[in-house]
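> Below, each chain spelled out in residue letters.
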Amino acid sequence: KAGVTQTPRYLIKTRGQQVTLSCSPISGHRSVSWYQQTPGQGLQFLFEYFSETQRNKGNFPGRFSGRQFSNSRSEMNVSTLELGDSALYLCASSLRPAGGYGNTIYFGEGSWLTVV
Amino acid sequence: QKEVEQNSGPLSVPEGAIASLNCTYSDRGSQSFFWYRQYSGKSPELIMFIYSNGDKEDGRFTAQLNKASQYVSLLIRDSQPSDSATYLCAVNMGNRDDKIIFGKGTRLHILP
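Taken in sequence, the protein lines are chains F and G. Per the working numbering, numbering of the first sequence is gapless, rising by one per residue and ending at 119. Per the working numbering, numbering of the second sequence is gapless, rising by one per residue and ending at 409.
Take the hints with a grain of salt, since some may be wrong.
[To be verified] With a Cα cut of at most 27 Å, we get these calculated BS3-like pairs of lysine-lysine:
| no. | chain 1 | residue 1 | chain 2 | residue 2 |
| --- | --- | --- | --- | --- |
| 1 | G | Lys353 | F | Lys16 |
| 2 | G | Lys401 | G | Lys353 |
| 3 | G | Lys401 | G | Lys364 |
| 4 | F | Lys60 | G | Lys339 |
| 5 | F | Lys60 | G | Lys353 |
| 6 | G | Lys401 | G | Lys339 |
| 7 | F | Lys16 | F | Lys60 |
| 8 | G | Lys353 | G | Lys364 |
Honestly, the hints are just simulated from the structure, not real lab data. Note that the structure is predicted; figures quoted are calculated from it, not measured.
Take the sequences, apply the hints, and build the full model.
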């Protein structure tokens, strides 16, 4: 059974550009959560999608957005990139809504974004 | 502010000894608790989850949960150099929020 797949794995962008990251969840999983990880702040929750609907959102500016498709694949977009957006972006999938009792989330390998 | 707190470490433990990692959380409504291991440059991988008060054992790993004290811990017996990693505690934020929030992690270093 394939795990969570994230693309691209590595990318370099310039300040002011935008970026789109993609995540394919484990087959059968309907929830996709996105996290940003930096050395100073650790893993910070961005948002979660379940059945194409955003269920939860973290404390990030509106430049960070996402969506989920009918096949449960998800994308996140960051517009007007800033140097501070350089981070590892992790996608995690689960069968049921993340955080629900008895539910666990599984991570992809992540997308390393460097903003220069 | 709902949060999960861990000592950042590094925690240095001799090979073969017991490593004890601790985590406290702020939301009394939390029901699900997870430990993830993350090697440098890699993504977090699930080690254990625990939902009920008490101990849960899986091989060399034991998770301990005390909801009254809002405290969860991970014990690693017979520590190996391959256990050197950052350990992340994760907690669901109660029934209505249903987010999973992570602590910043504890760096564990097993001394050969």
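> Can you confirm whether the C-alpha distance between Lys16(F) and Lys60(F) stays at or below 27 Å?
Holds. Lys16(F) to Lys60(F) sits at ~25 Å (cutoff 27 Å).
> Against the 27 Å threshold, does the CA-CA distance of Lys401(G) and Lys339(G) hold or violate the hint?
holds, 15 Å
> So if I understand the rule, the pair passes when the alpha-carbon distance is 27 Å or less; does Lys401(G) with Lys364(G) pass?
Holds: Lys401(G) and Lys364(G) sit about 20 Å apart, inside 27 Å.
> Under the criterion that the straight-line Cα-Cα distance not exceed 27 Å, is the pair Lys353(G), Lys16(F) satisfied?
Status violated; Cα separation ~45 Å.
> Taking only the CA atoms, is the gap from Lys60(F) to Lys353(G) under or equal to 27 Å?
Answer violated: Lys60(F) to Lys353(G) is near 31 Å, above 27 Å.
> For the pair we were handed, Lys401(G) and Lys353(G), check the Cα-Cα distance against 27 Å.
Holds, because 23 Å separates the two Cα atoms, which is no more than 27 Å.
> Does Lys364(G) lie within 27 Å of Lys353(G) when you go C-alpha to C-alpha?
Holds, at roughly 14 Å.
> Is the hinted pair Lys60(F) and Lys339(G) satisfied, with a Cα-Cα distance of at most 27 Å?
holds, 25 Å
The structure fails hints 1 and 5 (numbered hints given earlier, in ascending order).
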